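Residue numbers (this note's numbering), protein chains in the order written: chain W, 773 to 940; chain C, 3 to 162.
Incorrect hints may have been included.
As the list claims (entries may be wrong) - Pair by pair, the computed Cβ-Cβ distance ranges are:
no., chain 1, residue 1, chain 2, residue 2, range
1, W, G879, C, R65, 22 to 28 Å
2, W, L874, C, R65, 38 to 44 Å
3, C, R133, W, T865, 35 to 41 Å
4, W, I812, C, Q131, 33 to 39 Å
If you are wondering where the hints come from, they were derived from the structure by calculation, not from laboratory data. It should be emphasised that the depicted structure is a prediction, and the values quoted were computed from it without experimental measurement. From the three backbone atoms N, C-alpha and C, an ideal C-beta is built for every residue, glycine too.
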Amino acid sequence: MNRRRGKSLIEVLVMMSLFAAALAASTTTLAALFRIERLIRRDIEQAAVLDRLSQRLRADAHAAVSCSAAGRCELTLADGREIRYAFASPVVTREVHGGGKLVHRDGFYLPLGATVRFETEPEASGTLIRLSVSPAEMPGAYSPPIQSATILSAINPNTDSIQRGPAR
Amino acid sequence: MPGDASQFVTCRMASDRPAGKLGHHQPRHRRGMTILELTMSLMILGVAMVAVVQLLAAAARQRQAAQQRRVALAEVANQAERISLVSWDDTAIEKLHNWQPSAALDSALPGAQCSIEVTEQAERPRSRQIRLQVAWNDSAGLPVDPVSLTVWKFAREDRP
Chain W
773 MNRRRGKSLI EVLVMMSLFA AALAASTTTL AALFRIERLI RRDIEQAAVL
823 DRLSQRLRAD AHAAVSCSAA GRCELTLADG REIRYAFASP VVTREVHGGG
873 KLVHRDGFYL PLGATVRFET EPEASGTLIR LSVSPAEMPG AYSPPIQSAT
923 ILSAINPNTD SIQRGPAR
Chain C
3 MPGDASQFVT CRMASDRPAG KLGHHQPRHR RGMTILELTM SLMILGVAMV
53 AVVQLLAAAA RQRQAAQQRR VALAEVANQA ERISLVSWDD TAIEKLHNWQ
103 PSAALDSALP GAQCSIEVTE QAERPRSRQI RLQVAWNDSA GLPVDPVSLT
153 VWKFAREDRP
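Bound conformation, chain C alone (with noise of 0.2 Å):
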């Protein structure tokens, strides 16, 4: 058949090219191609420095939220040695419940809330439980774990 011969003659023709010189119809095709796979690879890497943006700004946000609690803990650290020098009597649950929040806490975490918590221990040896604690909310506006630190009071007279 005649089809059959033309593609005979065709795959011979084809066959008996020298390798070099069957690759030069392959530009035509890849001239095209090259602005296309740069586009692509391009997109690949837009698509991976937007992950890397994102774990930027993570990492920030860590860092800021790592800062907050080293204020926190901090303050509740310096809280307890003010009062370590206050005596027994004015340990008292009516008495202790000032605690002015210092300016380095104001201004890391503005609207923490600072809050002391006294437990009378009746028994022998006469002691209270005092709790400091600060609490405050993340920039997404939820709360976090808060700080807290725990200091024991002894009556003069029963200190062990």
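The shape of chain W in the complex, shown without the other chains (with noise of 0.2 Å):
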């Protein structure tokens, strides 16, 4: 009758290695799953993000005359408003004035960590402001790489291209 009695202490040992390699196992799998789901996640909002930059600062950039980019980036309308692009981390302000007054701001978030730059390219036939997107330099900090994105845009150009197909 004793020896029917619960189980035996090599059992209690195996099904709890056995236990404690299945836990392992399984919280291994779910933290890359969370790890993967944050990346891809900040990837489609950071594309968003972008993407809406990168149409609002063509089209300024298209109305423009001129424009000046150091540290951050300033164009003139024909009509004498001004466009100011500025990068404050983690987001980029877009502010226009007219008549010596804000009219309007809009703000773009960016992932933090990521840094932007705002230049000036001088072409045969024009200028194009070029704006990067890359990760910023944290030595010690662990976070996944920012991905990194450039944008180039066509101060007033000639107007000979008009329009453009669907991107596929």
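Now that you have both chains on their own, put them together as the hints suggest.
Put into structure tokens, the structure is as follows:
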């Protein structure tokens, strides 16, 4: 009767070690799953923000008559209004100034750890604004890599080019 | 018959036992079953884990493919901006053939093929259809659906 009571120590140990192995494996898998989910969500958010920003920037640049990009980007429109793009981590702001006062402001939120640079790039027949998004250098800090991106916008193209077909 | 009698006795004894005592015989069998059951459940868990790991790998591949497509889309859009600065005369078929892929495209899609195709529309308004295309192969070496963007240029005097 004594032998029939409960389970032996060996059985419990084996059971516990198998259970621990199963638990460890599922925890690791779950952690990887959450990490990938977070990365993909951030990628999608970044792509959506950059898409909106590039549409705005290109529309503004095409309508602009002059531009200066030193740290931030200032575009002057034909009607005298000024559009200023500036980056203060993690947001790119777009401000429209007309008649000496602020008329409109937009914000484009990028993932933490991204830096944005505005530069002008002279071409043979005009000027391009180059907006570069790159991961900030943070030594020692762990963060999944930000995806770099570059948006080129033509300043006041000579409007030989009128329309675009759908991108596929 | 003696056999029948012993069977009868056994049945009686079994039926006379309280329910709790009947259970005492069962652990003898279950002692082996515990490990067997656990092993089977672990095997099922292992199969499920293999499936999940494969799903994870597929998700990572999809993420990379999406990123590659995004880089290709950005490349054609940037090239369209460059072309919008070029004058009508410089977009002739024989002049518009150099397209230097950016460093971002080179690193994300090594071996990508960038091509420009210009189609002249002779009738008025005179225009050129400029088709930009980036084609590349996926990690398995199979060609993917290329990304393309079309820009129209109109002669200055024929602009709508």
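Next on the checklist: Please list, smallest to largest, the hint numbers that this structure does not respect.
Outcome noted: Those not satisfied: there are none.
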